[in-house]
Structure formats: structure tokens, C-alpha cells
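S.K.: Read off the chains here:
There are 2 protein chains.
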Amino acid sequence: MSGNKQYQPVNLKEKLSLVDDQWVPRVLAEMNDYQFKIVKIKGDFIWHDHPETDETFLVLEGEIRIDFRDGAVTLGKGELFVVPKGIEHKPFAEEEAHLLLIEPKGILNTGHAGGEITAQNDVWI
Amino acid sequence: MSGNKQYQPVNLKEKLSLVDDQWVPRVLAEMNDYQFKIVKIKGDFIWHDHPETDETFLVLEGEIRIDFRDGAVTLGKGELFVVPKGIEHKPFAEEEAHLLLIEPKGILNTGHAGGEITAQNDVWI
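If you read the sequences in order, they're chains L and P.
Counting from 1 along the first sequence, just add 11 to a position and that's the residue number in this note's numbering.
Counting from 1 along the second sequence, just add 11 to a position and that's the residue number in this note's numbering.
Honestly, the hints are just simulated from the structure, not real lab data.
Just so it is clear, the structure is predicted and the values come from calculations on it, not from any experiment.
C-beta atoms are modelled at their ideal positions from N, C-alpha and C, and glycine is treated no differently.
Take the hints with a grain of salt, since some may be wrong.
What the hints assert, rightly or not - Chain L residues, not near chain P, derived (Cβ > 12 Å throughout):
#1 Val-30
#2 Asp-32
#3 Pro-115
Unchecked claim - In silico DSSO-like cross-links for lysine-lysine, where the CA-CA straight-line distance does not exceed 27 Å:
#4 L/Lys-53 to L/Lys-96
#5 L/Lys-24 to P/Lys-88
#6 P/Lys-53 to L/Lys-88
#7 L/Lys-116 to P/Lys-88
#8 P/Lys-116 to L/Lys-96
#9 P/Lys-53 to L/Lys-116
#10 P/Lys-24 to L/Lys-101
#11 P/Lys-53 to L/Lys-24
#12 P/Lys-96 to P/Lys-16
#13 P/Lys-116 to P/Lys-26
#14 L/Lys-101 to L/Lys-24
#15 P/Lys-116 to L/Lys-88
#16 L/Lys-116 to L/Lys-88
#17 L/Lys-53 to L/Lys-116
#18 P/Lys-96 to P/Lys-53
#19 L/Lys-88 to P/Lys-96
#20 P/Lys-101 to L/Lys-24
#21 L/Lys-96 to P/Lys-101
#22 L/Lys-16 to L/Lys-96
#23 L/Lys-53 to P/Lys-96
#24 P/Lys-26 to L/Lys-88
To be verified - Facing chain P, a subset of chain L residues (Cβ under 8 Å, in silico):
#25 Gly-14
#26 Val-21
#27 Gln-33
#28 Trp-34
#29 Leu-39
#30 Ala-40
#31 Asn-43
#32 Pro-62
#33 Phe-79
#34 Leu-86
#35 Gly-97
Whole structure, please, built from the sequences with the hints as guidance.
M.R.: Okay, structure coming up:
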């Protein structure tokens, strides 16, 4: 190394250990105008889409299914899927699952569907 | 599920099992104008920067160190770091490590430094 400054990595498991709720994405890091978020989910989310952007799901623990109007994808630990922009989807997890989400800043968890499950945006952990 | 189409997840371990070289990033998926790439690394890379973009490193196996001119960050499995745009950096791994890289399309592994270690860009796996 050329200098002494110790930069800090983001440890996904450590950050997940701080989360005790579900369906509330929390921001870990930013890359340009994108954000990395962790979230714990269990049960059924609502149908929604993000007309302006793709959205990436990476499963860190557990298994999820993302339903689409014409089918579904099942993701286990270490599996990634990019939901194309404008495509309606509904995440589901039978048991609690832990996800890394990657998407542009400012994207709400419910897209434009709204409702009481809409989480506050841009909450850091 | 609402339809019968089975979409395919990207399994990071399966994709890594297909890689038998080092320092050659391969594209797994795209999100808008960004790409997810896997790469195996061992030893010292060269000093370089990406003046136009941040670059994200997520360690999937092993441990790496990213040196900066004023310090360093060490990343173990499940740890993430975003190298800010324009900051010179040099990845290093004492033993082979497996990484997920996230960055815009069109970014060369050596930035603008060039040289023989520059990998062909936009190679999918």
C-alpha cells in the first residue's frame, strides 16, 4: 500500500444484522446515481413496476420468487435477476429472505403503485 | 404466479465455475446502461483510474486489497466497496479471489492506463 489511510468496506452480513423489519430497503452505498440497498422480505409484496428503470435483485439469504404477469423467476442464495423497466412484478418469499437491491437513487419500493407498504426512501444504514 | 413462463436467474457460482482465467471480466447481466461482471483475480493489477465513473467491487470468494495512493481497503467475502471516479487504484489478491464488478457499459478494466493486461470488453458468459 502507498499510504496509511484505512478505508472501510461495507459488510453485507453486518449491515443485515442491524435490520429487524421487513420490506424497508436501506441504503449501503452509492455508485454514481445508483444505490445499493439491503432489505429483508417475507410474504407477498404488491404488484408494481418502475417505468423509468431496471431493478436488480441479488439474493443474499433464503429464496424468493418474483412473479410477472406472464410467469415467474425463483432466486436462491447467490442468484441475481434484473427486472426490466416497466414490467409489472410482485416479489414473494415464503420464509424471510435477505436481498441486495441495486437501482437508481429515488426509486420507491412500490414504484408508482403507492399504498401503505411504501417505505421511506433514501434511508441509510 | 400469473403465467407459466419460467425466467432464468443468473447463478454467480455457476458462472464462476466456467471461468478458468484471471483478470478477464465477463458480463453476466445488464441493468440500464450498467453491467454486472464476474472476474477471478490473483496477484497485482496495475495502477489505473476511471475518470468517468465510480466502480463497485463485491467479493464473492477470497480476500482482496485495493490500494489507493493514500491508503487501502481490504475486502473479504460478502464485502463491498465503491471506488470513486477518478481515484487511482490497484487491486491485489494474495490468493485467487472471485469478484462481482458493477460499472457502466464500456469501461475497460485498465481504465485509461492501457497495456497488455487490458481485457477485451463486453465479453458475456
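S.K.: Determine for every hint whether it applies to the structure shown.
M.R.: Consistency of the hints with the structure:
{"no.": "1", "hint": "Val-30", "result": "15 Å, holds"}
{"no.": "2", "hint": "Asp-32", "result": "21 Å, holds"}
{"no.": "3", "hint": "Pro-115", "result": "8 Å, violated"}
{"no.": "4", "hint": "L/Lys-53 to L/Lys-96", "result": "23 Å, holds"}
{"no.": "5", "hint": "L/Lys-24 to P/Lys-88", "result": "10 Å, holds"}
{"no.": "6", "hint": "P/Lys-53 to L/Lys-88", "result": "25 Å, holds"}
{"no.": "7", "hint": "L/Lys-116 to P/Lys-88", "result": "26 Å, holds"}
{"no.": "8", "hint": "P/Lys-116 to L/Lys-96", "result": "17 Å, holds"}
{"no.": "9", "hint": "P/Lys-53 to L/Lys-116", "result": "33 Å, violated"}
{"no.": "10", "hint": "P/Lys-24 to L/Lys-101", "result": "26 Å, holds"}
{"no.": "11", "hint": "P/Lys-53 to L/Lys-24", "result": "25 Å, holds"}
{"no.": "12", "hint": "P/Lys-96 to P/Lys-16", "result": "40 Å, violated"}
{"no.": "13", "hint": "P/Lys-116 to P/Lys-26", "result": "19 Å, holds"}
{"no.": "14", "hint": "L/Lys-101 to L/Lys-24", "result": "25 Å, holds"}
{"no.": "15", "hint": "P/Lys-116 to L/Lys-88", "result": "26 Å, holds"}
{"no.": "16", "hint": "L/Lys-116 to L/Lys-88", "result": "25 Å, holds"}
{"no.": "17", "hint": "L/Lys-53 to L/Lys-116", "result": "24 Å, holds"}
{"no.": "18", "hint": "P/Lys-96 to P/Lys-53", "result": "23 Å, holds"}
{"no.": "19", "hint": "L/Lys-88 to P/Lys-96", "result": "30 Å, violated"}
{"no.": "20", "hint": "P/Lys-101 to L/Lys-24", "result": "26 Å, holds"}
{"no.": "21", "hint": "L/Lys-96 to P/Lys-101", "result": "35 Å, violated"}
{"no.": "22", "hint": "L/Lys-16 to L/Lys-96", "result": "40 Å, violated"}
{"no.": "23", "hint": "L/Lys-53 to P/Lys-96", "result": "36 Å, violated"}
{"no.": "24", "hint": "P/Lys-26 to L/Lys-88", "result": "14 Å, holds"}
{"no.": "25", "hint": "Gly-14", "result": "4 Å, holds"}
{"no.": "26", "hint": "Val-21", "result": "5 Å, holds"}
{"no.": "27", "hint": "Gln-33", "result": "21 Å, violated"}
{"no.": "28", "hint": "Trp-34", "result": "20 Å, violated"}
{"no.": "29", "hint": "Leu-39", "result": "7 Å, holds"}
{"no.": "30", "hint": "Ala-40", "result": "5 Å, holds"}
{"no.": "31", "hint": "Asn-43", "result": "5 Å, holds"}
{"no.": "32", "hint": "Pro-62", "result": "13 Å, violated"}
{"no.": "33", "hint": "Phe-79", "result": "7 Å, holds"}
{"no.": "34", "hint": "Leu-86", "result": "5 Å, holds"}
{"no.": "35", "hint": "Gly-97", "result": "12 Å, violated"}
In the structure shown, a violation is registered for the earlier hints numbered 3, 9, 12, 19, 21, 22, 23, 27, 28, 32 and 35, in ascending order.
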